[in-house]
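Participant: Take a look at the letters that make up each chain.
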Amino acid sequence: MFLGSSLFFWLLAALGAAILPWHMQQDGVTVAGLVALGQEDPEASSALWQAMAFGRFWFWPVVAAIALALPGALPAGSAARRAVFLLWGGGLGLLAIVLQGMAIGVQGWSWPWLAALFGELDDRQFGIGLGGSLAFLGCLVMVTDGLAMRGLFKGDRFVSGAVGLLVASIALFTAWPVLTMLGQMFTPRGDLGIGASLVERVADSKIWGLACVGSNVNCGVFWNTLLLATCTATAATCLGLCFALIVTRTQFPARRAMRLLTVLPIITPPFVIGLGLILIFGRSGVVNQIVAATTGVELGRWIYGFNGVLLAQVFSFTPTAFLVLIGVVEGISPAMEEASQTLRASRMRTFRAVTLPLMVPGLANAWLVVFVESLADFGNPIVLGGSYGVLSTEIFFAVVGAQQDFGRAAVLAGIMLVVGLCAFLLQRAVVGRRSYVSVTGKGDVGLPTPLPPPVRVVAFAVAIPWAILTIVVYTMALAGAFVRVWGRDWTPTLSHFQRAFAIEWAADGRMLFSGGAWHSLFTTIQLAAIAAPITASIGLLAAWVLTRQRFAGRTALEFSLMLTFAVPGTVIGVAYILTYNIPPLEITGTAMILIACFVFRNLPVGVRSGVAAMSQLDKSLDEAAITLRASTFRALRTVVLPLLKPAIVTALVYSFVRAMTTVSAVIFLVSAEYEMATVFIINRVINGDYGLAIAYCAVLIVLMMAAIGLINLAVGSRRLGRRAAPAALPAGGRA
Amino acid sequence: MLRRAAFALAFALPALPAAAQGQLNLYCSATIEWCQPIARGFERESGVRVNLTQRSTGEMLAAIRSEGRNPRGDVWWGGTGDPHVAAGEEGLTQPYESPRIAELHDWAQAQWRQTQGRTVGVYASVLGFGFNTELIARRNLPAPRCWADLLNPAYRGEIQVANPNSSGTAYIVIATLVQMMGEDPAFEYLKTLHGSVNSYPRSGTAPITAVARGETAVSISFVHNAAEEAAAGFPVGHAVPCEGTGYEIGSMSIIRGARNLQNAQRFYNWALSAEAQLAASREAKKLQTMANRNVPLTDGAPNMATARIIDYDNARFGASAERRRLLARWDREVGALPR
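Protein chains in written order, with our numbering: chain D, 1 to 735; chain G, 1001 to 1339.
Worth flagging that the hints you see were computed from the coordinates, not collected in a lab. There may be inaccurate statements among the hints.
[What the hints assert, rightly or not] These stretches of chain G come out as covered by chain D in the derived footprint (C-beta under 8 Å, 3 or more residues):
{"no.": "1", "region": "1044 to 1055"}
{"no.": "2", "region": "1059 to 1073"}
{"no.": "3", "region": "1247 to 1253"}
[Claimed, not checked] Partial list, derived from the structure: chain G residues whose beta carbon lies under 7 Å from chain D:
{"no.": "4", "residue": "SER1199"}
{"no.": "5", "residue": "ARG1202"}
{"no.": "6", "residue": "GLU1215"}
{"no.": "7", "residue": "PHE1234"}
Positions of the beta carbon are idealized from the N, C-alpha and C atoms, including for glycine.
Can you make the complete structure from the sequences, with help from the hints?
Facilitator: This is how it looks when you write it as structure tokens:
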């Protein structure tokens, strides 16, 4: 098979280096411009032609390395000899591409010491484009092929290539920007030296202070954040579990509606929950007024600070926990529970000794995801925090506030990363290396056991009030779209929708989208729809590699995949423009930077849900396929993927929805051409125009509901067991 | 990676906006309601295509700083003056002398001279108090008129002011008090005030939003913000302190290395004209005082000529070392106090 040989990727690299235009083209590539040999403009030429005709010597190593790899790509000679050529050629090619890109930028040499060494360079280059990307890709795959031929990854080219791609994309779009940002830690401040500034920034009582233990003063932001994240993660995981149990294990009539309800907070742009809570529990809120009128007790401002932020975060992140848990609870094979009951264990004992332990990876994953989300959450603390500061708000204001100290932001971001790392290690220690496999290839698995009565009661007692509260908060919040002044003048009106989504008919009968919100809405849908499948496929590929393959550096890869999640959006946003505003990857102001940001910020949920689902699938399933001579890729496609449908849905839904609702990172990356809905909404909120903002939110919510429905329809649900009747299989439909 | 390469093909290619003639990359840090009339007004006037990017002042400074080696914007209009001054200190903006400088108010010209021509004032906002009229009536509180009134124990737990570590507005409060009272008395004042403050939110506009929604009775904020909440239908009153008060200057700078320098200068001159300032601020219903002397005041706007406005020392209080010193003192002496 042509695609199956290294020659294809060698040709790709050669095409990228010799024929296609190496750099990014300002006005796009025309068909004529694709052949970039012999072009008159050096910027429109291929690497080879730039080196030959325009004296750009720095491309010779790239060309030479690719030429060196040719003997390895041809299907002749021993595998060991070919591997040597592929490894050296591909490796040197990657090195040459990276080095030339880093060393020579828009103003000649990028580093002063290069100019001192070689003299001023009278030339420059912009970011890499089509040719450069293809050459990089070709060289990368040649290296992974070479590694596989040397017997690494059990000689499996597909696994080796997948790991190579994951490592390269994580290095490019996560590690590089985060390290660039953290490097800011060492910028000297004022008249202090590098070391003294660093010490002063790290050893700050505003971060580590413990004054709150004894008196009524705020503690350091580190302790605030830790306390908040722990409480939020624990509460949200418990709530998420209650909902997941009710939806999958009871015949509760409204359980489909419950699914919708728990998804609602995820698809709500930030600020809305916080503002809704203020309308209910705030000092002038409904609850306070009722309590004051009936009992004369003033409840005051309890919603501001830790209490309020905790409440809002639990609202916001319970759905995340639910989404991670539902796939897990559905995936628990009833066979083991039936076995337990056959052995005369009571329902309660079965639940405690079989069901609950089987859910441990899911619970730990959900806890970790919520913990890290709470770390990085910005919208809720800013609305409800009052004087209660957390790391994410401190970082935001260190960058954009009155301090204007990038170094401090970098130190705080570093602390946040360390906390994220610790949570990750803790979670691994808890889940450990035990087996949680319950979906095996062994035929019919029976019906899920109903919940034991005490668990049932607890689940309902917790979930029902919460669901009602959610409905109330949302009604209060969404009412803002249909009344004149939210929280003040409750006269019904549709004028906010009119301002945002007006459509006019031009004289020639064309439709004119004259409302102010259309442009950002179209851009947002388009970019979110592009980002979601990429996130899902990279995430599930990563999950598969992490759970099914054993290789050196697996843990490091797993952690780096989770990295972006522990970094608040603001840091990612600033890190992205710091990194991608200059060559070699000059993508600021394009749609690509937004898509990259969405994909790599939301990747962790794709990975986590994939890992959680995958660790329940018996490895013998794919081994059976491989024994039957299916290729690794085919086993993945025909056996593993269909069993992963809930995880695929989770990853798709989550990344689509997050791409549409994320704010803090995107606010730095939007440009006039690519404006996002959330940034538009935030600008309205800042301006006090809640009516239009909430009207827009309402439209987004409806759109996302529709999108979630479509995704569910397109992916379908997995069928475990042979009983087809949906009534008998509560795991059947997804909302 | 294959997929990513396909994206490079589909999307990344039209990157790097062409340095063609006839366009301007406008960075705007006012509200979008104000930015849009500015952008459209200049388009109508000049035929130049304006690419408008709107971000808050702090976010914009962070963006301009990150883009320093490869600037994307041409001119930066609006937003509080300190970040503009900071950008000038770091060499991110370039000096320019407009023929219209003489038409401007003294405070706008002073800022332009103090920054060696890198930044010019385009509007000014006066610092004052906002209060919820209904809440004050319900609790029988007097409406605050002077700085000294805020120390009245009746206001205990009713006042909000932003945290100066994060909010430029709150920093201007400190700088104003220091200039009016002297540094030590100013900090004594802030310490006493601390007992009445119910929280120091992170954002500068949070206190006035809280006032509008009845979450707190009194806030220290810009007068125009209070007036805007009132215009939106909330029971908000405002006052300019009787002892005098400070102000912020909404500023404009040309970014160093601007790709469309000529258009940037053309915009700069246009934005300083009385017609442009009048039209855009009326369309956006803004209450700030415009920099051009020939722009009449909007109804209900605080008059900088009659209000007792202190002679704000931008050079001293805009400098980052002085800022850091005052913020550290606030943290030590006020922020760390128990309540």
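Participant: If a hint holds in the structure, say so; if it doesn't, say that too.
Facilitator: Do the hints match the structure? See the list:
1. 1044 to 1055: holds (count 5)
2. 1059 to 1073: holds (count 10)
3. 1247 to 1253: violated (count 0)
4. SER1199: 4 Å, holds
5. ARG1202: 5 Å, holds
6. GLU1215: 5 Å, holds
7. PHE1234: 6 Å, holds
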